[in-house]
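Q: Protein chains in written order, with the working numbering: chain A, 1 to 64; chain B, 1 to 246.
These aren't lab readings, by the way, just hints derived from the structure by calculation.
All values reported here derive from a predicted model rather than from experimental measurement.
Any given hint might turn out to be false.
Once the Cα atoms are required to be at most 30 Å apart in a straight line, the calculated BS3-like pairs of lysine-lysine come out as [stated by the list, open to error]:
1) B:18 with A:54
2) A:2 with B:155
3) B:49 with B:242
4) B:155 with A:38
5) A:38 with B:49
6) A:38 with B:18
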Amino acid sequence: MKEFFAMGGYAFYIWMAYAAAAFLCVAEIIAVRARMRKARIMAAHRAETDATDKGAARLTEAQS
Amino acid sequence: MSGFKYASPAQFYPLAGKLIPVFLALATILLVIGLTIGLYIAPIDVTQKDSYRIIFIHVPAAWMSMFLYVMMAVWYAVALGANTRLSAMMGQAIVPTGALMTVLALWTGSFWGKPTWGTYWEWDARMTSELVLLFLYLGVIALRNAIDDPRRADKACGVLAIVGVVNVPIIYFSVQWWNTLHQGATISVGQKSIDSMMLTGLLVMVFAFWFYAIVITLMRLRAVILEREAGANWVSRLPEVKEEWR
């Protein structure tokens with residue numbers, strides 16, 4: 001096990017490369033998931049305001 | 001062609017949702033196999049010893065950085081030519097992953113260069129043109145952020161992406177055209193310059209990166225579709241959007 005992590009003396013270079021790959025991919029997945037959540041909330045907000053706008057327009061139409 | 005029915009964001013959004021778990025499973029399986037071969041099973045290189053093991057992420061990342069750039073430019077070109085919404089969104093969804101792959105290619109190359117050439121960085125043709133690729137990706141991202149109207153941003157990003165395609169063959173052929181520090185191609189058709197287990201590990205990792213790029217791009221595409229189609233009836237009716245109602 002120790003020998004595996006030592007990578008024949010190249011541990012620093014190899015693990016710096018692999019750690020960066022792991023970090024970047026995990027960070028990208030987290031970022032995209034957060035973006036998706038935000039997009040859902042914004043879409044819901046938009047749907048809500050559109051619905052209330054339509055309701056308000058219908059109300060004023062009915063009143064006039 | 002029946003495939004055209006998926007050319008609208010409303011049709012593609014649920015399809016992408018179904019495809020993501022499939023490609024995610026493939027990416028995970030390939031990654032586990034590829035890493036096991038690359039870090040454990042594949043023998044050490046005669047000249048570079050264990051340091052060559054960086055190849056298993058460096059080469060896939062470098063290939064993806066160029067391939068994703070071409071894909072991005074193609075989708076943007078389709079968007080500019082046919083004025084289709086989904087293709088512009090596909091172009092937009094690819095950009096950050098392409099930039100990430102470019103950073104990864106440069107970073108891993110740097111940590112491979114130090115033990116083999118004695119330097120983290122050299123302004124040679126391969127490295128400089130790959131750095132230019134990163135600037136092109138960042139330029140497309142900056143343009144997108146600078147222009148509020150998404151349709152106008154599509155056009156500007158599309159033009160920059162398409163013009164920048166000239167850089168891709170420059171990266172690819174740089175090791176032949178110039179006398180560079182960077183080594184030549186590891187894999188070439190009909191020539192065997194690499195151990196079969198090394199080759200297997202490399203190809204498995206290439207496919208793992210492929211499927212990862214597909215998964216993350218589809219995930220981002222779904223977010224982009226929601227961002228840009230917000231207010232459309234089909235979006236408002238989505239159960240995951242209704243859930244967010246207060």
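Q: Give a verdict on every hint.
A: These are the hints, each one checked on the structure:
1. For the hint pairing residue 18 of chain B with residue 54 of chain A, the CA-to-CA distance comes to about 33 Å; that exceeds 30 Å, so the pair is violated.
2. Distance check on the hinted pair: residue 2 of chain A and residue 155 of chain B sit about 54 Å apart at the alpha-carbon level, beyond 30 Å; violated.
3. Between the alpha carbons of residue 49 of chain B and residue 242 of chain B the distance comes to roughly 56 Å, so the proposed pair goes past 30 Å and is violated.
4. With a C-alpha separation of about 25 Å, the suggested pair residue 155 of chain B and residue 38 of chain A falls inside the 30 Å cut-off, and the hint holds.
5. In summary, the hint linking residue 38 of chain A to residue 49 of chain B is not supported, as the alpha carbons are separated by about 47 Å, beyond the 30 Å threshold.
6. Restraint check: the Cα-Cα separation between residue 38 of chain A and residue 18 of chain B comes to about 21 Å, which is no more than 30 Å; the hinted pair holds.
Checked against the numbered hints given earlier, this structure breaks hints 1, 2, 3 and 5; the rest are met.
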